[in-house]
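Residue numbers (my numbering), protein chains in the order written: chain X, 1 to 347; chain Y, 1 to 269.
Reference excerpt, derived from the structure (chain X facing chain Y, CB under 8 Å, subset only):
(1) D232
(2) L233
(3) V238
(4) A239
(5) L240
(6) G242
(7) R246
(8) P254
(9) A255
(10) R257
Think of the hints as simulated: they come from the structure by calculation, not from any bench.
We treat Cβ as the ideally placed atom computed from N, Cα and C, and that holds for glycine.
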Amino acid sequence: MTTIPTPRKPWAATPKDRVRDLAILIGALVFTYYFVEITPMNGKLAYFSIFFLVYATFSGTYQGIKRGSAAAKDAIVNSIVVVGAVATLIPIGSILATVISKGYKGISFNLFTTDMSMATPTDPLTNGGILHAISGTLIMVLIALIISVPLGILTALYMTEIKGRFMRPIKFLVQAMSGVPSVVAGLFILSAILYPITKSFSGFMGALALSILMIPTIARTSEEVLLLIPSDLREAGVALGGTQWRTVAMIVLPAARSGLITAMILGVARIAGETAPLLLLTGGGDKVNGNPFSGPFGSLPYYIWKSFNSGSEEAITRAWAGLLVLIVIILILFISARSLSSRKVKR
Amino acid sequence: MTSAEMLTPENPKVLGTGLEARGVHAWFGKNHVLSDINLNFAAGTVTALIGPSGCGKSTFIRTINRMHEFIPTAAMAGEVFLDGKDVYASGTDVTKIRLKIGMVFQKPNPFPSMTIGENVLSGLKLAQLKVPNKDDLLEECLTRAGLWKEVKDRLSAHGGSLSGGQQQRLCIARSLAVAPQVLLMDEPCSALDPGSTLRIEETIRELSDSMTIVIVTHNMQQAARVSDYTAFFLSDGGPGEMIETAPTSEIFSRPKDKRTEDYVTGRFG
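Required output: the full structure, derived from the provided sequences and hints.
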């Protein structure tokens, strides 16, 4: 009978290596602290940049002494890469931390159950809420989804399945459209529909402008997803006697389903926080309005903008709370997008 | 009927009994890839197309079920008769042609969004056909493809959960469900291990009782094992041509053309 050896990882860092790495890190931290203290520099940026230089020098020198100049270069490049990644995370982490620390004070039960119709900006936080803004944003996003998903996916199908004569110009336009500033979309709806036709603010006008911003995102993402579907499947469908349309509907689209859902959610995340078109088009009411076709329509971005503008301490706290709610909504969407698109891998 | 007569296109006795290609040429853009192919496939036989890579075998079978036109730059000339009717005649419903001439591809390609059972019956849905009893058809197709025993307890599992060889037999079962007269197989075993290859070869032998099979293969032993007739294709830098066609035993024992002999004995290609 053979004895089974214990599994090992001979390539992994030994405890001794780890202690050494930690020593270099702590040494760099301590050195940075005193260096900044004794020189006229100060501030977070100074700490960060000095620490980076010191850490790169320390680990580079150590590896250089230990294993030669190639290892030293490797260690320095390594620390540059780490710093790049950290530098990207700092603003994101800092935004999240600020929003959470300032926003949580405004979070209360009544925030989600009442609107601002009976409250003034200077009212205490126990009075009034953002139900109108949450419901407004959700309704407008829903309308924008209903408009954009079919249009976006059909555009993507034209580019991947029909590959018609206008494919190149359409592709170019879709790409260009994804760079349209949101205020332009708002002004377009204002001048093309609101002023000449409806002549009044409404949630639907806002949703139309949001659709203009959402369609390119959905079309481009869907196009990429559909291009990933192997052409074998299309050929197999047609070889079985299916028409092109039935092959697309029965095989291509179902095979791309999770990717198309991701495209939808990316589209929602693109527009959920858009502010400029809503300022122009919705009128931004303070009351819960279930009818997107008439009357001023609240939304989270509008509410945040308005509360910051009003300047009172309570209003500003409410604005931070609104921001927190908006970020949490977008975060939930992203997480659900990721879990939906990864579910496919499991089976 | 002697088998030697069967494959001569000039022989009027066998015209119209199965499938016939007459003067088929094919192009991709300006590139002439296939020149003047005349082949007759008698009903209920297995014909192997052999020849080095790039000689147009796959292109040829794709002209038979009109999959050739899927490539945007493709063009063709000639006629392909199925039951005496040219599949390229104007007014022909191409989806009906593909229903009668099924195809199995080189790489197994079960539909990923469908279960094993749905995959088998997918042709019916795609072509909007009605059958009285789907369960019977499902069992029959999977049995004929030699897969029933392995999958009967997990018909609602996804096609992707099968092994490569099983997936290919699933694709064969899928083609059988729409009851084709002709089955084209484009190197169906090239991605499979020897055991799966053997199973598929058995399947081909069994199917040949009820349909005409055309199989492209790079495996000479496979051609010898499964086919009644063999056609040798070759391209000498120009468009691919059909050099010789004969009953398989003759092609392998006493080929008429020197190039065929060199190829089947492994001297080139």
